[in-house]
Amino acid sequence: MNDAEEDIPIAPPEPGEVGLVEPHDFVYSQPFTFESGQTLPGFTLRYETYGRLNATRDNTVLISHALSGDHHCAGIHALTDPKPGWWNNFIGPGKAVDTNRFFVLCANLLGGCQGSSGPSSLNPATGLPFGLSFPFVTIRDMVRAQKLLCDHLGLTSLFAVIGGSMGGMQVLQWGIEYPAFVRRMIPLATTARESAQAIAFNEVGRQAIMQDPDWNRGDYPKGGGPRVGLTIARMMAHITYLSDESMDQKFGRRRTKSSAPAGADLPPAGAPAAYTFDVQFEVESYLRHQGESFINRFDANSYLYITRALDHFDLTAAAGSLEQAFAAVEAETLSVAFTSDWLFPPAQNREIVLALLRAGKRASYAELSTNLGHDSFLLESEELYALVRSFLGSPQSP
Amino acid sequence: MNKLVAKRTVDMQIIGDWVEPGSRVLDLGCGRGVLLDYLQQTKQVRGLGVDLDFHKILGCVRRGVTAYQGDMETFMRAFPSRFFDRVICSRTVQELIDPAAVILEALRAGRALTVGFVNHGYWKNRVDALFRGRKPRNPVYTTEWFESRPANPVSIADFEGFCAAKGITVARRALLRGDWHTPCGFRPNLFAGYALYDLTM
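Protein sequences, first through last, are from chains A and B. Heads up: take any position in the first sequence, counting from 1, add 2, and you land on our numbering. Heads up: take any position in the second sequence, counting from 1, add 63, and you land on our numbering.
Calculated directly from the structure, the hints in this document are not laboratory data. Among the hints, a few may not be true.
To be verified - Computed far set for chain A versus chain B, every beta-carbon distance over 10 Å:
#, residue
1, D27
2, T46
3, N61
4, A198
5, Q199
6, G293
7, R360
8, A365
9, S366
10, Y367
11, L370
12, F393
Said to hold, decoys possible - Listed below are several chain A residues computed to face chain B (Cβ distance under 8 Å; list not exhaustive):
#, residue
13, E332
14, V355
15, L356
16, S383
Claimed, not checked - Computed cross-link-like contacts, SDA-like style, restricted to lysine to any residue with a CA-CA straight-line distance of at most 25 Å:
#, chain 1, residue 1, chain 2, residue 2
17, B, K106, A, R360
18, A, K252, A, N373
19, A, K252, A, K224
20, B, K106, A, K224
21, B, K106, B, D161
22, B, K106, A, G362
23, A, K85, A, S248
24, B, K106, A, G395
25, A, K224, A, Q213
No residue lacks a Cβ here, since even glycine has one placed at the ideal position from N, Cα and C.
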């Protein structure tokens, strides 16, 4: 131990807010061939940017969002917005990703449903939603589409690509696909290879959607569709983002206060009121709320497509070995995992870093002790902020 | 410069002298990356640290040193033989649960191993034990027993015996007097305060 003295902490400036932001649309009007071989005559990506692009156009931090996220990762769209973008605690003036220094870019991914082309978009050939005629999407397709957006914006390189969960998969794919373009990668709470357990959960979600008669083989009007199936899919998936400990802390066995709402299940004849199948525990009420708010913003077919993209993600199989997959990477990597994450547990994140190191790349690994499960990567954590800030500020050795 | 900093600097200089410029160096128990930072600056090494504690990793990242948070033995097992040009284990051996396993694993994963430790056989430690009858305390180990991490103190005689028993080759040794600066040629197990070994297998 050569350094008993404490480091002088870098005093972060008082963080500010990104403030009012607005989304933009990038319309690519040339044919795009997906990894599956299927094509589209063009596509749209909805994106947001914060901060200023510098003169050398190389200060961009690209944020890759996870399954249910979108391009709106910081700031607000209107002063009346109840909540800011999904990673507002992380991105802004003086924050971990400092918009005084960086040009932050985040795009809704291809196959999504928040403004980018996906199965709910209208097929120009028919005037109807694509539904299942939309091409199958992979993580690599998502990245390739975003590279076209970067080219459109005239970026010369990416200072860093940051993302958690499926966002982390995109981060790794970015480093592999465009090695000379990506300077730094920060994959959080992710994996290089979707595990059997994760595929299993995705499949339960998909079956909930596809077994709902309103799914109708993906053919449903906008705003309609398998609302029950999508709700159940989201409720189930949400459990995988939490942990036993955090659920026990947050809900325990607490009962809901209100009695059964109108139209709720009645107790079977002769049974006392407590013996019903209606919401009794707070955790049930919470999950139902999560499910119901999800169906108002998410498309069931997009859910199928994106979970399939997750399932297909396997850098090891694609290249023969993970070291081979990372052979071309030029970026320096900072990987962060969270002890209570059982969806993409620390071991899977360690494997990424070990393979990068075996391939001779510069990579660091840190682990945060949290009890919030997979969703920990969105946590307000001064330790995470300090780590990311240091990594983005650290000089890069040749 | 206070005494402790001066001592640390001597330690780093000798470790640095044994490192090949531009080589791939793994530091076990890297702390906040001070040594690797020094080796990167002076020897242009490709450094990598391992430590158990998040804040140590944070310190490394802050210095531009790559580091891995985790158990050093498990970490080394993930690498092919002779992957690292040199492994460094500086003032860490006395805190290991299974020092032999770590040292042997380091000699597999690395072409050479530097081990540095404070000599428990140093006369002041003996006098301390004899007259005070208490855990040795000195400018390096300043803490009371109840403030200290579990330690498995090692003397030069212990370490030489270990190397002989395991067939480890001592390529170089630097045995330093109590000032950690002057070479100690006479009865080092009694008069050396600090020992550095350059090992191969």
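Hint check:
Distance check on A/D27: its Cβ is at least 37 Å (rounded) from any Cβ of chain B, clearing the 10 Å threshold; non-interface status holds. The beta carbon of A/T46 is kept farther than 10 Å from every beta carbon of chain B, the shortest such distance being approximately 38 Å. The Cβ of A/N61 lies farther than 10 Å from every Cβ of chain B, with a closest approach of about 19 Å, so its non-interface assignment holds. The claim that A/A198 is not at the interface with chain B holds, since no C-beta of that chain comes within 10 Å of its own (minimum 22 Å).
No Cβ of chain B approaches the Cβ of A/Q199 within 10 Å, the least distance being about 22 Å, so the stated non-interface status holds. At the 10 Å boundary, the C-beta of A/G293 stays outside the reach of chain B, the nearest C-beta of that chain being 35 Å off. The claim that A/R360 lies off the interface is violated: its Cβ sits roughly 6 Å from the closest Cβ of chain B, which falls inside the 10 Å cut-off. Residue-level check failed: A/A365 sits 6 Å from the nearest beta carbon of chain B, not beyond 10 Å.
With a cut of 10 Å on Cβ distances, A/S366 falls inside the contact zone with chain B, its closest approach being about 5 Å. Residue-level check failed: A/Y367 sits 5 Å from the nearest beta carbon of chain B, not beyond 10 Å. Residue-level check failed: A/L370 sits 7 Å from the nearest beta carbon of chain B, not beyond 10 Å. With 10 Å as the threshold on Cβ separation, the claim that A/F393 sits away from chain B is violated: the shortest Cβ distance comes to roughly 5 Å.
The beta carbon of A/E332 is not positioned within 8 Å of any beta carbon in chain B (closest approach about 15 Å), and the interface hint is therefore violated. Hint status for A/V355: holds, given a least beta-carbon distance of 6 Å to chain B, under 8 Å. The beta carbon of A/L356 is positioned within 8 Å of a beta carbon in chain B (closest approach about 5 Å), and the interface hint is therefore held. Given the 8 Å rule on beta carbons, the hint for A/S383 is violated: about 11 Å separates it from the nearest Cβ of chain B.
Proposed proximity of B/K106 and A/R360 is supported: the alpha carbons are some 22 Å apart, at most 25 Å. For the suggested pair A/K252 and A/N373, the alpha carbons sit about 11 Å apart, so the restraint of at most 25 Å is met. Restraint check: the Cα-Cα separation between A/K252 and A/K224 comes to about 35 Å, which exceeds 25 Å; the hinted pair is violated. For the suggested pair B/K106 and A/K224, the alpha carbons sit about 63 Å apart, so the restraint of at most 25 Å is broken.
Using a Cα cut-off of 25 Å, the hinted pair B/K106 and B/D161 is violated, with the two alpha carbons roughly 31 Å apart. As the CA atoms of B/K106 and A/G362 are separated by approximately 18 Å, the hinted pair is consistent with the 25 Å bound. Proposed proximity of A/K85 and A/S248 is supported: the alpha carbons are some 23 Å apart, at most 25 Å. At most 25 Å may separate the alpha-carbon atoms for a hinted pair to count; B/K106 and A/G395 meet this at roughly 23 Å.
Distance check on the hinted pair: A/K224 and A/Q213 sit about 19 Å apart at the alpha-carbon level, within 25 Å; holds.
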